[in-house]
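Residue numbers (the working numbering), protein chains in the order written: chain F, 29 to 137; chain V, 8 to 121.
Heads up, some of the hints might be wrong.
Said to hold, decoys possible - Here are the simulated DMTMM-like cross-link-like pairs (lysine to aspartate or glutamate), alpha carbons at most 25 Å apart as the crow flies:
| no. | chain 1 | residue 1 | chain 2 | residue 2 |
| --- | --- | --- | --- | --- |
| 1 | V | Lys64 | F | Asp33 |
| 2 | F | Lys124 | F | Glu69 |
| 3 | F | Lys124 | V | Asp108 |
| 4 | F | Lys85 | F | Glu42 |
| 5 | F | Lys124 | V | Asp33 |
| 6 | F | Lys109 | V | Asp45 |
| 7 | F | Lys109 | F | Glu84 |
| 8 | F | Lys104 | F | Asp33 |
| 9 | F | Lys96 | V | Asp108 |
| 10 | V | Lys64 | V | Asp79 |
| 11 | F | Lys124 | V | Glu66 |
| 12 | F | Lys104 | F | Glu83 |
| 13 | V | Lys64 | F | Asp122 |
| 14 | F | Lys109 | F | Glu69 |
| 15 | F | Lys124 | V | Asp69 |
| 16 | F | Lys124 | V | Asp80 |
| 17 | F | Lys85 | F | Glu69 |
| 18 | F | Lys104 | F | Glu69 |
| 19 | F | Lys124 | V | Asp79 |
| 20 | F | Lys85 | V | Asp108 |
| 21 | F | Lys124 | V | Asp45 |
None of these hints come from the bench; they were simulated from the model.
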Amino acid sequence: GQNIDQPTEMTATEGAIVQINCTYQTSGFNGLFWYQQHAGEAPTFLSYNVLDGLEEKGRFSSFLSRSKGYSYLLLKELQMKDSASYLCAVSNGDYKLSFGAGTTVTVRA
Amino acid sequence: IAGITQAPTSQILAAGRRMTLRCTQDMRHNAMYWYRQDLGLGLRLIHYSNTAGTTGKGEVPDGYSVSRANTDDFPLTLASAVPSQTSVYFCASSSTSGSTDTQYFGPGTRLTVL
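Using the sequences and the hints, build the whole thing.
Written out as structure tokens, the structure is:
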């Protein structure tokens, strides 16, 4: 089976840094994706990790440790527009995505 | 380029009625997917198609059927809707069904079954 855990909610202040953790136990592993989803909208791709380490893309970074079944998404210099849900998704042995329930991030002024 | 379009945007449906949700992509992607998103459960895969002419079952396929007659269209049919099928439905596509291929999502259809 697939088990992907991430916190339900996080709140942070504009300009701050927030780290969203994701732990997973899946049947097979072919990479981990992070998606952003604003309320009432479609998920949009943020990052993909398949090897251990940190991938940096502007204000967003994503880290993966395959041995620990662990990833995090780091959001720096938070802006109000970053208020959204962040979805962790694992590509399993069948190359299908299994999603976590999502973490709702609220950025306060 | 529109990407992925879905229709209708929202629908209220009486239980027992048949309903087809439409999905069209113009990116010439081989793989397409249908997900449902429910509060607290995240996105769950209903059915998928790796290429035109083939389909497969996802995590929650019961009560749903799909077809893939061509590359662009991937309709999802509820033969006899039940209230537990109230959800937001997202169609997605990717270039191939490989692990590194990003899935792109349509805007979603909000379905309420009464």
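Hint check results:
no., hint, verdict
1, Lys64(V) / Asp33(F), "24 Å, holds"
2, Lys124(F) / Glu69(F), "22 Å, holds"
3, Lys124(F) / Asp108(V), "11 Å, holds"
4, Lys85(F) / Glu42(F), "19 Å, holds"
5, Lys124(F) / Asp33(V), "22 Å, holds"
6, Lys109(F) / Asp45(V), "23 Å, holds"
7, Lys109(F) / Glu84(F), "19 Å, holds"
8, Lys104(F) / Asp33(F), "22 Å, holds"
9, Lys96(F) / Asp108(V), "24 Å, holds"
10, Lys64(V) / Asp79(V), "19 Å, holds"
11, Lys124(F) / Glu66(V), "10 Å, holds"
12, Lys104(F) / Glu83(F), "14 Å, holds"
13, Lys64(V) / Asp122(F), "12 Å, holds"
14, Lys109(F) / Glu69(F), "13 Å, holds"
15, Lys124(F) / Asp69(V), "18 Å, holds"
16, Lys124(F) / Asp80(V), "20 Å, holds"
17, Lys85(F) / Glu69(F), "22 Å, holds"
18, Lys104(F) / Glu69(F), "23 Å, holds"
19, Lys124(F) / Asp79(V), "20 Å, holds"
20, Lys85(F) / Asp108(V), "18 Å, holds"
21, Lys124(F) / Asp45(V), "19 Å, holds"
In terms of the numbered hints stated before, the structure departs from none.
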